[in-house]
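Engineer: Assemble chain G onto chain D, guided by the hints.
In order, the protein sequences belong to chains D and G.
In terms of the UniProt record's numbering, the first sequence opens at residue 1 and continues consecutively.
In terms of the UniProt record's numbering, the second sequence opens at residue 1 and continues consecutively.
Hint data in this document are derived by calculation from the structure and do not stem from the laboratory.
There could be a bad hint or two in this list.
[Unchecked claim] Going by beta-carbon spacing under 8 Å, a handful of chain D positions derived as facing chain G:
| no. | residue |
| --- | --- |
| 1 | Asp-67 |
| 2 | Tyr-172 |
| 3 | Glu-299 |
| 4 | Ser-302 |
| 5 | Ile-310 |
| 6 | Gln-311 |
| 7 | Ser-355 |
| 8 | Gln-365 |
[To be verified] The list that follows gives simulated cross-link-like pairs (lysine to any residue, SDA-like), each with its CA atoms no further than 20 Å apart:
| no. | chain 1 | residue 1 | chain 2 | residue 2 |
| --- | --- | --- | --- | --- |
| 9 | D | Lys-345 | G | Tyr-88 |
| 10 | G | Lys-86 | D | Asp-360 |
| 11 | G | Lys-270 | G | Val-286 |
| 12 | D | Lys-203 | D | Gly-167 |
| 13 | G | Lys-429 | G | Ile-402 |
| 14 | G | Lys-134 | D | Gly-309 |
| 15 | G | Lys-460 | G | Asp-436 |
| 16 | G | Lys-86 | D | Ser-355 |
| 17 | G | Lys-86 | D | Leu-349 |
| 18 | G | Lys-270 | D | Ser-355 |
| 19 | G | Lys-86 | D | Thr-327 |
| 20 | D | Lys-371 | G | Leu-284 |
| 21 | D | Lys-345 | G | Phe-89 |
| 22 | G | Lys-86 | D | Tyr-352 |
| 23 | G | Lys-270 | D | Ala-356 |
| 24 | G | Lys-86 | D | Thr-351 |
| 25 | G | Lys-134 | D | Thr-327 |
| 26 | G | Lys-86 | D | Ala-356 |
| 27 | G | Lys-61 | D | Lys-371 |
| 28 | D | Lys-203 | G | Tyr-88 |
| 29 | G | Lys-86 | D | Ser-328 |
| 30 | G | Lys-86 | D | Gln-367 |
| 31 | D | Lys-371 | G | Lys-134 |
| 32 | G | Lys-134 | D | Ser-328 |
[Unchecked claim] Which stretches of chain D does chain G cover? Using the computed rule of at least three CB atoms under 8 Å from a CB of chain G, they are:
| no. | region |
| --- | --- |
| 33 | 48-61 |
| 34 | 68-76 |
| 35 | 177-187 |
| 36 | 280-294 |
| 37 | 327-337 |
Glycine residues also receive a C-beta, built at the ideal position from the N, C-alpha and C atoms.
One letter stands for each residue in the lines below.
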Amino acid sequence: MLRRFVSNAADSLREKDAPFNAFVSFENSLNLTNNGKGPLNEYSIGIKDNICTSGLPTTCASAMLQDFRSPFDATVVKLLKKAGAQISGKTNCDEFGMGSLNIHSLHGPVINPFRVDSRRAAGGSSGGSSAAVAAGLCDAALGTDTGGSIRLPASYCGVVGLKPSYGLVSRYGVVSYADSLDTVGVLAQDVERVEKVFECINKRDCNDPTSVDERLREKANLLATKSIQRWSGESLKGLRIGIPQEYFPSELTSSSYHILASIRHLLSQLRSLGASIVPVSLPSTAYALSAYYVIASAEGSSCLSRYDGIQYGLRVPPSHESNFTSTSRTYSPSRSQGFGREVRKRILLGTYALSADAFDNYFLQAQRVRKMVRDDFDDVFSIPNVLYSKLSFEEKDANDHGEDGVDILIHPSAIRTAPRLDDVLDVSCDRDTLQDYVQDVLTVPASLSGLPAMSVPMQPGTASSSSPSFASSQSSDTDAGLNQPRDNQQSDENWPIGVSIVGQWGTDELVLKVGRVIERLSRR
Amino acid sequence: MSRWLVDGWQVVIGIETHVQIKSSQKLFSRALTSALNHPPNTRYNAFDAAFPGTLPRLNRKCLDLALRAALALDCSVNQRSSFDRKHYFYSDQPAGYQITQHYSPFAVNGRFTSANIGFPIRIKQIQLEQDTAKSITDTRTRTALIDLNRAGTGLLEIVTEPDFRTSEQAAEYVRSLQELLRALGVSDGNMEAGSLRCDVNVSINRPGEPPGTRCEVKNINSVKFMVAAIEYEIRRQQSILETPGPTQRVSQETRRFDPDSWRTIKMRSKEDAPDYRYMPDPNLGVLVLSEKHIEAVRRTMPPLPASTRLRLLRTYSSSGVTENNIDVLMNLDAVRDITYDGATDSTIGAVAYFELCAEGRIPKSVMNWIIHNFLGQLSALGKPFSSEYITVAQMGQLLDLIITKQMTRPSAKLLLKQMLVSPSDLAVKQLAENMDLLSLADEHSKRLSGDDDSLRDVCKRSIEALPAEIAAIRAGKEKAINKVIGWIMRQTKGKADVDRAKDILKELLHQ
Numbered sequence: 001m002l003r004r005f006v007s008n009a010a011d012s013l014r015e016k017d018a019p020f021n022a023f024v025s026f027e028n029s030l031n032l033t034n035n036g037k038g039p040l041n042e043y044s045i046g047i048k049d050n051i052c053t054s055g056l057p058t059t060c061a062s063a064m065l066q067d068f069r070s071p072f073d074a075t076v077v078k079l080l081k082k083a084g085a086q087i088s089g090k091t092n093c094d095e096f097g098m099g100s101l102n103i104h105s106l107h108g109p110v111i112n113p114f115r116v117d118s119r120r121a122a123g124g125s126s127g128g129s130s131a132a133v134a135a136g137l138c139d140a141a142l143g144t145d146t147g148g149s150i151r152l153p154a155s156y157c158g159v160v161g162l163k164p165s166y167g168l169v170s171r172y173g174v175v176s177y178a179d180s181l182d183t184v185g186v187l188a189q190d191v192e193r194v195e196k197v198f199e200c201i202n203k204r205d206c207n208d209p210t211s212v213d214e215r216l217r218e219k220a221n222l223l224a225t226k227s228i229q230r231w232s233g234e235s236l237k238g239l240r241i242g243i244p245q246e247y248f249p250s251e252l253t254s255s256s257y258h259i260l261a262s263i264r265h266l267l268s269q270l271r272s273l274g275a276s277i278v279p280v281s282l283p284s285t286a287y288a289l290s291a292y293y294v295i296a297s298a299e300g301s302s303c304l305s306r307y308d309g310i311q312y313g314l315r316v317p318p319s320h321e322s323n324f325t326s327t328s329r330t331y332s333p334s335r336s337q338g339f340g341r342e343v344r345k346r347i348l349l350g351t352y353a354l355s356a357d358a359f360d361n362y363f364l365q366a367q368r369v370r371k372m373v374r375d376d377f378d379d380v381f382s383i384p385n386v387l388y389s390k391l392s393f394e395e396k397d398a399n400d401h402g403e404d405g406v407d408i409l410i411h412p413s414a415i416r417t418a419p420r421l422d423d424v425l426d427v428s429c430d431r432d433t434l435q436d437y438v439q440d441v442l443t444v445p446a447s448l449s450g451l452p453a454m455s456v457p458m459q460p461g462t463a464s465s466s467s468p469s470f471a472s473s474q475s476s477d478t479d480a481g482l483n484q485p486r487d488n489q490q491s492d493e494n495w496p497i498g499v500s501i502v503g504q505w506g507t508d509e510l511v512l513k514v515g516r517v518i519e520r521l522s523r524r
Numbered sequence: 001m002s003r004w005l006v007d008g009w010q011v012v013i014g015i016e017t018h019v020q021i022k023s024s025q026k027l028f029s030r031a032l033t034s035a036l037n038h039p040p041n042t043r044y045n046a047f048d049a050a051f052p053g054t055l056p057r058l059n060r061k062c063l064d065l066a067l068r069a070a071l072a073l074d075c076s077v078n079q080r081s082s083f084d085r086k087h088y089f090y091s092d093q094p095a096g097y098q099i100t101q102h103y104s105p106f107a108v109n110g111r112f113t114s115a116n117i118g119f120p121i122r123i124k125q126i127q128l129e130q131d132t133a134k135s136i137t138d139t140r141t142r143t144a145l146i147d148l149n150r151a152g153t154g155l156l157e158i159v160t161e162p163d164f165r166t167s168e169q170a171a172e173y174v175r176s177l178q179e180l181l182r183a184l185g186v187s188d189g190n191m192e193a194g195s196l197r198c199d200v201n202v203s204i205n206r207p208g209e210p211p212g213t214r215c216e217v218k219n220i221n222s223v224k225f226m227v228a229a230i231e232y233e234i235r236r237q238q239s240i241l242e243t244p245g246p247t248q249r250v251s252q253e254t255r256r257f258d259p260d261s262w263r264t265i266k267m268r269s270k271e272d273a274p275d276y277r278y279m280p281d282p283n284l285g286v287l288v289l290s291e292k293h294i295e296a297v298r299r300t301m302p303p304l305p306a307s308t309r310l311r312l313l314r315t316y317s318s319s320g321v322t323e324n325n326i327d328v329l330m331n332l333d334a335v336r337d338i339t340y341d342g343a344t345d346s347t348i349g350a351v352a353y354f355e356l357c358a359e360g361r362i363p364k365s366v367m368n369w370i371i372h373n374f375l376g377q378l379s380a381l382g383k384p385f386s387s388e389y390i391t392v393a394q395m396g397q398l399l400d401l402i403i404t405k406q407m408t409r410p411s412a413k414l415l416l417k418q419m420l421v422s423p424s425d426l427a428v429k430q431l432a433e434n435m436d437l438l439s440l441a442d443e444h445s446k447r448l449s450g451d452d453d454s455l456r457d458v459c460k461r462s463i464e465a466l467p468a469e470i471a472a473i474r475a476g477k478e479k480a481i482n483k484v485i486g487w488i489m490r491q492t493k494g495k496a497d498v499d500r501a502k503d504i505l506k507e508l509l510h511q
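So that you can see chain D by itself, here it is in the shape it has in the complex (with noise of 0.2 Å):
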């Protein structure tokens, strides 16, 4: 009886996700772990098709892998699981994670939900998990975060996005892409339900080596707390607020200005409520997407070389001609056929930075940029990093960086909105890949650092924007959303952009905190 009931929903979700394509398997089981006492009794959960699940295969959107199934569920999936929660399909995504746009994807491209005959591209990788919640399909969505990968479909499709600390959710059963940078987060259509869910799979795991101990959560939970005391309430008096100068590249200040106007009218509304807005520079900033490039492909090329058809995924046989005394001769034809055109791509690049001759000058160099990133982050914020932090924090808090340093960063999550289809799916040579690459600009920071960030949707502004009445800017929103076509050149200033908020790392809670005011300020 239950079964057929969940088994009726699962269609009725294949039947409404069919605009989207957000799911790529759908759950026909029950959940019956928890007797409808956990936390997320009420949720339904979708989850990556990069995580494992025992129950559904694990395709990671790619044809190596389009028959898998783990022989174990992720223990992010087991604690959703023990928590209540109804895990209802795995998502679309990006092969192996592996991309922007969510168009390199074995089961195609997804369709944001925003609007869907403009057919946009919901941003990736994790765009079905985004374009999931967006479309209301499920309750809430675990993603991967790489570079980005959470916080920009989420900013494309308008949910929030949230990519935790680095170390605080496990990756056991996530499969590896880079696995210094992969990290496991939460969309949702409000900020609740993510830090309702964050909250269920924040647990350390010893069957991840990086999983950080307890000791070091409480630390920096301890400062995230200290933090929030000191302005929480209706006023926003204490807290301070960063804007990284380099955070505004030409790429927004030139095409995207209804972007700029929305971030100017949200800092107005956050200094009127009492919060300092302080100019800050992360100097490095620059350098950061290189690096990120390197780094991420070479750990990739390390991280997919087990896929060489044996012990199981996809196998292509080698010609009879073939030379079978080498063993890469015997993999090469269902890595070739297996993986698509952008991983092989990475994979290329990945295996190029690790060769010894390339290694000092790509991949050592890169580390040290991402060292660079990581300092530039503990020079402007207030509270120190617990896991670098050579200074005790007495210490610290005698230098008084308190005075001078910001508790979070506030940025535009992207350097535009979601594009269309049409024209990133252009597969000819006239098309520029490396903007798909350069959409990351604003989101590999915080993943080189490891530190949290949550993309929350902003108000659409206007140019007229930078009054911060509230009369003003509520009426332009209501006439950008009654009156002005969305189908053509201009609309794109209708299309949802996130904000990103970033703090310290171990400090969660209070990027939490500060997006539900930011949420608040945008809903009203």
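Structural biologist: Positioned in the frame of chain D, the structure of chain G alone reads:
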């Protein structure tokens, strides 16, 4: 150093040893380690098969065993070290990379000393790494079979500096290293079973000139083969360098030893060497070893063979125990099964058995009894040494019966055999009584507390029975008495006290 030159060439040898760590679980997974007799693909888990989503988890037991080896080899242990991925595609490597310690091994700058080499061998580094799976390729059917049982087992790679000058030194090193690792409980060190493998680097040069180009012979699995491989390499390189005409060079190569042709065979040249694309493993991070932990491992280390030998000599040689005796016992201990994870063995070895038995007794006679009778009978029965057959307490009782002359040695031997063949929980004296093996002298003293008439009777009868031998004794041939004693022992079923019988006999003859 000139004494080591070969036809005027100086030989330079370095050795890399791969040692399988004797841990119950693998280095980064909780799968059980395997033995050769386990059916293929029965000892692995999702991590060993490189399933997506699996992550490594360092087995601290492997680390502690590795630390024992590092401390015994006098290495300086790095408090911070790290793991790296070595990438290559091969069917015995499911993940496409091996986790090893390339950039920052956990132990460096050690030294190995052996009386038989005469100078210390420098240990360059010791690193932890994963063993591979096993693949068996059949070129005829163009198939390869893969057995994951071994995949991910913990390995120690022990790398020496090129300090050896002869193949004998190299052989001595490997044999002593085996003994050392076994005594520490680090590894079986069994070359035949593959738990210890060697790569040797060999080059030759004229004294005073810079070192020659080295060739590496990989994966040698016996000391005999290693010696042969080194000798072959010396001759091969010598013949290249001594070829008349324009200066010839040895090219840098990786070779293997072929036990059928007793030669080394080229595998690949330096140009074909793969680029392993070493990358720090992003999952395992920094391996931190606190000074406190290192000290704790040092404190609980089993004694090294050399120090055990020295201690035994100091303690027992004054009572007549020989170096040879000690070596017999130590060699027995050297081949004992190694426990997993460095656990303390619940049974005791030959050295400990001897020491416990010798407590409060004369060490020399205990040693002789153990070596000549106990071990002798064990080997006659085809059994290996074990302290389990006859407990220390039982052996002590048996020895005490001999010492207090309640039982003769021949009777005791008989009883020992009986105890080995059909073990019993009864007290040893009870067993002796049951078998009617207690001495005549003893029974008599209980009964009469006077002269030992029955033994005297037997002696009198011997004089009548063996006139020729008696005449010989009377003529001064002392040795002839043994024959008479032998007759007496047969008559008494071995129960007669030899010394007492001799005394009575002499007394009767001099009357």
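Engineer: Decide, hint by hint, whether the structure agrees.
Structural biologist: For each hint, the structure was consulted:
1. Asp-67: violated, 13 Å
2. Tyr-172: holds, 6 Å
3. Glu-299: holds, 6 Å
4. Ser-302: This interface hint holds because 6 Å falls under the 8 Å limit.
5. Ile-310: holds, 7 Å
6. Gln-311: It holds, given that the least Cβ distance between Gln-311 (chain D) and chain G is near 5 Å, below 8 Å.
7. Ser-355: holds, 5 Å
8. Gln-365: violated, 14 Å
9. D:Lys-345 / G:Tyr-88: holds, 19 Å
10. G:Lys-86 / D:Asp-360: holds, 16 Å
11. G:Lys-270 / G:Val-286: With Cα atoms ~32 Å apart, Lys-270 (chain G) and Val-286 (chain G) exceed 20 Å; violated.
12. D:Lys-203 / D:Gly-167: holds, 10 Å
13. G:Lys-429 / G:Ile-402: With a Cα-Cα distance of about 11 Å, the restraint between Lys-429 (chain G) and Ile-402 (chain G) holds, given a limit of 20 Å.
14. G:Lys-134 / D:Gly-309: Holds, at about 17 Å.
15. G:Lys-460 / G:Asp-436: violated, 23 Å
16. G:Lys-86 / D:Ser-355: Holds, at about 11 Å.
17. G:Lys-86 / D:Leu-349: holds, 18 Å
18. G:Lys-270 / D:Ser-355: holds, 16 Å
19. G:Lys-86 / D:Thr-327: This hinted pair holds, its Cα atoms lying about 16 Å apart.
20. D:Lys-371 / G:Leu-284: holds, 18 Å
21. D:Lys-345 / G:Phe-89: Between Lys-345 (chain D) and Phe-89 (chain G) the Cα gap is close to 19 Å, so the pair holds against 20 Å.
22. G:Lys-86 / D:Tyr-352: Between Lys-86 (chain G) and Tyr-352 (chain D) the Cα gap is close to 15 Å, so the pair holds against 20 Å.
23. G:Lys-270 / D:Ala-356: With Cα atoms ~14 Å apart, Lys-270 (chain G) and Ala-356 (chain D) stay inside 20 Å; holds.
24. G:Lys-86 / D:Thr-351: Roughly 12 Å separates the two Cα atoms, so the pair holds.
25. G:Lys-134 / D:Thr-327: holds, 14 Å
26. G:Lys-86 / D:Ala-356: At roughly 12 Å apart (the allowed maximum being 20 Å), Ala-356 (chain D) and Lys-86 (chain G) satisfy the hint.
27. G:Lys-61 / D:Lys-371: violated, 33 Å
28. D:Lys-203 / G:Tyr-88: violated, 35 Å
29. G:Lys-86 / D:Ser-328: holds, 15 Å
30. G:Lys-86 / D:Gln-367: OK: Lys-86 (chain G) and Gln-367 (chain D) at ~18 Å, within 20 Å.
31. D:Lys-371 / G:Lys-134: Violated: Lys-371 (chain D) and Lys-134 (chain G) sit about 40 Å apart, past 20 Å.
32. G:Lys-134 / D:Ser-328: Answer holds: Lys-134 (chain G) to Ser-328 (chain D) is near 17 Å, not above 20 Å.
33. 48-61: It holds, with 4 qualifying residues against the three required.
34. 68-76: With 5 residues closer than 8 Å to chain G, the region 68-76 of chain D meets the three-residue bar; holds.
35. 177-187: holds (count 3)
36. 280-294: violated (count 0)
37. 327-337: Holds, because 4 residues of the region 327-337 of chain D bring their Cβ atoms closer than 8 Å to Cβ atoms of chain G.
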